[in-house]
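**Q** Sequence:
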Amino acid sequence: MEGTLQIDFLLTGIGEVSTCYRLTRQIMEAQMTGQPYDLLIDLGIAGCYDEESCPIGSAAVISEEYFGELGFETPEGFKSLFDCETLSPDEPPYQKGRLKRPVLPFPHLEALLDQYASAIGMTIQTITSDQEKVGQRHRRHHCGVESMEGAAFYYIALLEKIPFFELRTISNVAGESDSSKWETQAALKQLEKCCEDILSALLQETDSKSDQ
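Going by numbering that gives the first Met the number 0, the sequence shown opens with residue 0, and the numbers climb by one from there.
A portion of the hints provided could be inaccurate.
What the hints assert, rightly or not - Below, in silico cross-link-like pairs of lysine-lysine (DSS-like), each with a Cα-Cα straight-line distance of 27 Å or less:
id, residue 1, residue 2
1, Lys-95, Lys-78
2, Lys-95, Lys-160
3, Lys-180, Lys-132
4, Lys-99, Lys-160
5, Lys-99, Lys-192
6, Lys-132, Lys-95
7, Lys-78, Lys-99
8, Lys-132, Lys-78
9, Lys-132, Lys-99
10, Lys-180, Lys-192
Said to hold, decoys possible - The following label-pair restraints were derived from C-beta to C-beta distances:
id, residue 1, residue 2, range
11, Gln-34, Pro-54, 35 to 41 Å
12, Val-16, Leu-198, 28 to 34 Å
13, Cys-194, Phe-71, 38 to 44 Å
14, Ser-117, Leu-187, 20 to 26 Å
15, Phe-71, Lys-192, 23 to 29 Å
16, Gln-203, Met-27, 40 to 46 Å
17, Glu-50, Glu-131, 16 to 22 Å
18, Phe-77, Met-27, 30 to 36 Å
19, Ser-199, Gln-30, 27 to 33 Å
20, Glu-75, Ser-176, 24 to 30 Å
21, Asp-37, Glu-84, 21 to 27 Å
22, His-141, Ala-29, 33 to 39 Å
23, Asp-49, Gln-203, 30 to 36 Å
24, Leu-158, Asp-129, 30 to 36 Å
To be clear, the hints were calculated from the coordinates, so they are not data collected in a lab. Note that the Cβ used here is the ideal one computed from N, Cα and C, for glycine as well.
Work the whole structure out from these sequences, hints included.
**A** Next up, the structure:
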């Protein structure tokens, strides 16, 4: 940070493919100009599997992510690439089949994140109203939150070795495919408040860097 705070914004678009392309391009362009990123942040709204631990309108920091549809549909149900031994569960950037958020090297920001609820994320590409499938997704990794981009973001950030975190505010219960019934405004209002807190923590990090 070197005494200044510079922030770039990127709309990744919806889904894993758009996120992979746009985020990788942004990272490469920053590196080519000699100004690589110190931190990546994924902010957005999401659905929840467990409304008790992740109520509508609340915020959660995602502790780990899973690609929810990367695998095989079998007569016995869905099996991941790790279940079928197609991919080693410790193949980088995976740790035991999961994409795990590292502790940030920014103490003020890490302290802020500790104040939020923690949730496991499932990244899917198909929103479904099939309650049986929703339940299977939830049980598979005891996930609390689903999005369409999170695991792709984790995958890139881990491989590029850039500190990162993902924060999601809850707009709906997973399984509600009618977006007109989502509490989008409540989720966005909470996200705005989270952004203010994150910016404040980042400014504290910048001030601390300047004092050194």
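**Q** Indicate, hint by hint, whether the structure satisfies it.
**A** Verification of the supplied hints:
{"no.": "1", "hint": "Lys-95 with Lys-78", "result": "15 Å, holds"}
{"no.": "2", "hint": "Lys-95 with Lys-160", "result": "18 Å, holds"}
{"no.": "3", "hint": "Lys-180 with Lys-132", "result": "20 Å, holds"}
{"no.": "4", "hint": "Lys-99 with Lys-160", "result": "12 Å, holds"}
{"no.": "5", "hint": "Lys-99 with Lys-192", "result": "25 Å, holds"}
{"no.": "6", "hint": "Lys-132 with Lys-95", "result": "24 Å, holds"}
{"no.": "7", "hint": "Lys-78 with Lys-99", "result": "20 Å, holds"}
{"no.": "8", "hint": "Lys-132 with Lys-78", "result": "13 Å, holds"}
{"no.": "9", "hint": "Lys-132 with Lys-99", "result": "24 Å, holds"}
{"no.": "10", "hint": "Lys-180 with Lys-192", "result": "22 Å, holds"}
{"no.": "11", "hint": "Gln-34 with Pro-54: 35 to 41 Å", "result": "39 Å, holds"}
{"no.": "12", "hint": "Val-16 with Leu-198: 28 to 34 Å", "result": "30 Å, holds"}
{"no.": "13", "hint": "Cys-194 with Phe-71: 38 to 44 Å", "result": "39 Å, holds"}
{"no.": "14", "hint": "Ser-117 with Leu-187: 20 to 26 Å", "result": "21 Å, holds"}
{"no.": "15", "hint": "Phe-71 with Lys-192: 23 to 29 Å", "result": "41 Å, violated"}
{"no.": "16", "hint": "Gln-203 with Met-27: 40 to 46 Å", "result": "30 Å, violated"}
{"no.": "17", "hint": "Glu-50 with Glu-131: 16 to 22 Å", "result": "18 Å, holds"}
{"no.": "18", "hint": "Phe-77 with Met-27: 30 to 36 Å", "result": "34 Å, holds"}
{"no.": "19", "hint": "Ser-199 with Gln-30: 27 to 33 Å", "result": "28 Å, holds"}
{"no.": "20", "hint": "Glu-75 with Ser-176: 24 to 30 Å", "result": "26 Å, holds"}
{"no.": "21", "hint": "Asp-37 with Glu-84: 21 to 27 Å", "result": "37 Å, violated"}
{"no.": "22", "hint": "His-141 with Ala-29: 33 to 39 Å", "result": "36 Å, holds"}
{"no.": "23", "hint": "Asp-49 with Gln-203: 30 to 36 Å", "result": "32 Å, holds"}
{"no.": "24", "hint": "Leu-158 with Asp-129: 30 to 36 Å", "result": "33 Å, holds"}
In summary, the structure is inconsistent with hints 15, 16, 21 from the numbered list given earlier, while agreeing with the others.
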